[in-house]
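**Q** Given these sequences and hints, build the entire structure.
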Amino acid sequence: MADWPPRVRRLHLLWLLVPALGLLELGLHVAFSRRAPGIEAWRSLAGVALALKRPGEPVVVAPEWAEPLARLALGDRIFPLAELARADDRSVPRVLEIAELGARAPRVSGWPVVSETRNGPFVLRVLQNPSPLHARYRFVDHVRPGELTVALVRGDVEKSCEFTDHARAVAGGLHGQVAAPSERFQCPGGEALFVGVTVIDDQGYRPRRCIWADPPAQGALRLRFTAVPLGTRLRGFAGRSYFLYRDGGSAKVALTVSSGPTQLGVVRHADAPGGETGWLGFDLATGALAGQTADVDFEIRADGFQKNFCFAVEAVD
Amino acid sequence: MTRFRYERRDFAVAALLALAYLVVLVASTKTLGYMRDEGFYVFCARALEAWFERIDAQGFAAFGRESIDRYFDPVHEHPALMKLLFAASHRLFHERFHLFSESGDAYRLPGMVMASMTVAVLYLWGTQAMGRAAGAVAALSFACMPRVFFHAHLACLDVAVAAMWLLTSFLYQRAFDERRFRALVAVGIAYGLFLNTKHNAWMFPFALVLHLGLVRAIERLRKLPRTGPLVPWALGAVVVLGPLVLFLTWPWLWFDTGERVLGWFKFHLGHDYYNMEFLGETYWKPPMPRLYAWVMTLATVPLVTLVLAAIGVFDTLRAFRRDADSARVVGDGLWLVGIAVSYAPWWSSDTPIFGGTKHWLTAYPLLCLLAGRGFALTAAQLRALASARPRAARLATGALATTSLAGPLVMALHAHPYGLSFYAPLVGGAPGAASLGLNRTFWGYTTGVLAPAIDERAPPGAGVYVHDTALQSWELMRADGRLRADLTGTLAIQSSNLALYHHEPHMRRVEFETWVLYGTVAPVAMGVYDGVPIAWLYERPAQRGTE
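Chains as they are written, first to last, in my numbering: chain L, 1 to 317; chain F, 318 to 864.
Think of the hints as simulated: they come from the structure by calculation, not from any bench.
Check each hint, because a few of them may be wrong.
[Stated by the list, open to error] Cβ-Cβ distance ranges computed for the label pairs, FRET-style: (1) L:Asp247 with F:Trp571: 38 to 46 Å; (2) F:Ala657 with L:Ser131: 32 to 40 Å; (3) F:Asp589 with L:Gly260: 46 to 54 Å.
[What the hints assert, rightly or not] Among the chain F residues that face chain L by a calculated CB cut under 8 Å, a handful are: (4) Gln698; (5) Leu702; (6) Ala751.
[To be verified] To be clear about the criterion: a stretch of chain F counts as covered by chain L if any three or more of its residues have a C-beta under 8 Å from a C-beta of chain L, and this derived list gives those stretches: (7) 618-624; (8) 805-814; (9) 849-859.
Glycine included, every Cβ here is placed at the ideal spot set by N, Cα and C.
**A** Following this line, the structure appears as structure tokens:
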């Protein structure tokens with residue numbers, strides 16, 4: 001460009017950057033496409049991961065998007081559903097972080113490193129929760145006969161919901177109801193009225209394992225857990241499938257928690273102005289019952305339709 | 318305006334490029350599963366094949382209202398041209414001449430031909446505007462865009478509408494100062510068929526008005542003589558002939574015309590919002606992110622193509638101010654305005670983003686022409702740099718073409734058959750994009766890569782939960798022998814032996830349902846692109862135990 005100003009013409013060597021960019025981009029493409037480990041690399045990790053994995057100490061994968069590969073390669077022993085879809089990390093003593101590409105799991109990146117092992121493209125870190133809560137009892141692990149009784153309560157009338165381990169397990173797909181497990185307390189009044197353990201999607205579309213306790217249109221659903229070792233508090237979370245109700249479902253659900261004659265608290269779950277709020281935490285003090293073993297009742301009432309309530313609670317010190 | 322005259326070899330090269338692209342597309346189509354929309358369009362095409370049979374049997378009576386309403390009703394929210402071509406291709410090349418053993422390939426042929434035609438037109442227009450080398454670079458830059466290469470395979474409308482935008486623009490610039498009836502009719506017919514391809518065509522007349530304003534403004538600014546009449550006859554041909562051709566070639570509009578045209582407009586102007594992940598957020602209702610189109614373009618188009626296009630824009634704007642002749646003002650003006658108008662809807666936060674990059678695919682051929690312009694300028698500069706060494710100067714153009722196209726070519730081929738999972742190195746490739754929270758896949762087509770695992774693992778007569786794959790697409794795979802004939806696609810996880818999952822964050826609840834019903838969180842097979850999980854398959858553990 002002879003008519004360009006001299007100071008611009010002096011920069012003519014910059015034109016070489018264009019072919020250089022083409023080559024650089026090609027090189028980076030090749031490098032990036034080979035960087036992340038594939039299925040076989042993940043499979044080769046099974047031995048060391050199993051050696052480091054302890055019960056009750058979940059595995060977290062960094063970056064999070066690689067987790068399905070880890071589940072495929074390492075299986076259910078490394079990823080028990082109860083750990084994978086846990087309510088949160090507060091009562092987890094330690095986690096095993098499996099990281100690739102130099103990533104860290106943001107939720108636990110501040111936790112002290114107990115041990116660090118390199119294995120091919122992976123780094124396995126055992127991370128210590130700096131202030132773990134001790135969970136004495138996780139209610140979601142005790143949804144079974146002998147430890148839980150369920151009843152529909154309407155006025156003075158109670159109708160028992162019987163346990164079955166061979167109910168028809170169903171799921172609604174993307175726009176349908178969450179999965180109804182085959183092991184559940186089936187209430188009179190329809191197949192959809194039951195108490196059982198399922199998994200819902202929270203506001204980040206992550207899994208949360210919880211007790212499905214859909215209250216009837218009238219009356220209440222009462223869950224009585226027997227011989228619960230109580231700590232100082234009951235920590236819990238409650239919500240509905242975020243995807244299903246994020247545009248609103250006009251539900252108001254009240255979860256009343258009591259032990260014998262003592263009411264420990266009432267948790268109300270309602271839509272935010274935009275729709276479902278998602279998986280929200282609550283905390284109830286056990287007061288004088290701390291340190292005792294007692295029955296705990298959860299009574300769920302709702303007004304409006306589309307309640308589809310699910311909760312998870314643990315008794316902590 | 319001086320009329321550019323092509324040599325015979327220009328048409329030969331254009332045809333060769335198009336044919337080569339078509340061969341590559343046809344050869345690579347079998348590994349690509351069927352998209353949701355392909356399932357729906359094949360359903361429409363089958364209805365139209367029945368209409369063809371009725372024409373054979375009843376002649377003129379098949380053009381009556383009852384017949385038209387019946388056969389053109391399926392997915393009448395989109396016009397008929399491509400659906401008619403899908404149907405005709407299937408009937409001719411699969412059923413009659415057995416050119417394609419799989420019906421899906423025959424349904425896809427018209428889309429592939431449209432993509433190939435785009436390559437040819439790009440070469441011709443690029444050659445006219447910038448010379449043969451730049452024309453070839455423009456054509457091949459388009460062919461090698463990884464997302465374009467993906468869409469170019471499909472029995473869908475997106476590459477076709479990009480082809481029609483380009484073809485109509487090409488004919489329009491050649492007819493800009495014309496009064497010849499043939500040239501004007503050609504533009505009018507092209508626009509009518511463009512309208513009959515997809516609703517992106519609605520924006521085209523606005524683009525032409527903007528373009529006319531731009532041309533006249535430049536002429537006034539630089540005191541140039543006016544090119545052609547104040548309002549080109551070609552614009553009149555677009556506005557008058559175009560809708561007429563649409564009416565004649567889309568029989569659905571023959572009855573209740575006003576109501577149906579209004580319904581067509583209403584459907585697209587008030588389209589549902591579907592989910593789309595962008596930078597870690599799932600958007601399903603307004604406000605949509607205004608940066609979406611720009612970021613996704615940067616993230617999915619090879620950077621070398623974008624840089625060449627940016628140089629082309631710079632060169633064109635500079636030429637507009639100084640020395641561009643009328644042909645360049647008209648031609649390059651159409652490229653700039655076409656790109657701006659194609660992206661314009663995404664300035665609004667009300668415009669849906671669910672279809673990803675395919676929504677503004679009409680801009681990409683024009684972007685590639687500007688990349689050709691950038692290539693021509695860069696090549697000239699490199700030749701000047703090497704002028705002291707004549708041999709190096711001679712090699713400069715070829716070396717630049719090689720370095721401009723090698724990367725896109727490698728990326729496009731590597732992305733197959735995971736086209737929608739492709740991301741450019743600028744964002745770290747697929748792993749980088751996954752970390753940024755950019756959509757990994759949609760449309761449920763990655764069932765194609767899991768088909769061998771499904772066939773291997775499914776017990777006889779098994780039910781397979783298809784998740785995001787349309788049942789019509791599943792059936793097409795089965796009919797074509799890409800899946801075992803004894804398998805049944807189902808939308809009920811409880812009645813399935815195997816369950817597919819195509820990852821999008823908002824769909825994870827489907828995976829959770831599978832965990833509960835199957836009692837496992839461990840998939841048994843996975844489609845993985847560059848280390849990133851895209852789609853996976855679950856198997857009932859009880860079934861595994863019986864193996």
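**Q** Hints first: check each against the structure and report whether it holds.
**A** Consistency of the hints with the structure:
Separation of L:Asp247 from F:Trp571 is about 39 Å and conforms to the stated range, judged on CB atoms against 38 to 46 Å. Judged by the Cβ atoms, the range 32 to 40 Å given for F:Ala657 and L:Ser131 is violated: they are separated by roughly 56 Å. For the pair F:Asp589 and L:Gly260, the supplied restraint of 46 to 54 Å holds, since their beta-carbon distance comes to about 52 Å. Interface restraint check: F:Gln698 against chain L, minimum CB-CB distance 4 Å, threshold 8 Å, status holds.
Restraint check, F:Leu702 versus chain L: the minimum CB separation of about 6 Å is within 8 Å; hint holds. Because the smallest distance between the Cβ of F:Ala751 and any Cβ of chain L comes to about 4 Å, under 8 Å, the interface hint for this residue holds. Check on the region 618-624 of chain F: 4 of its residues sit with their Cβ under 8 Å from a Cβ of chain L, so the three-residue criterion for coverage holds. Chain L is given as covering the region 805-814 of chain F, and this holds because 4 residues of the stretch bring a CB closer than 8 Å to a CB of that chain, at least three being needed.
With 3 residues having a beta carbon nearer than 8 Å to a beta carbon of chain L, the region 849-859 of chain F meets the requirement of three or more and the stated coverage holds.
Hint 2 alone, counting from the list given before, is not met by this structure.
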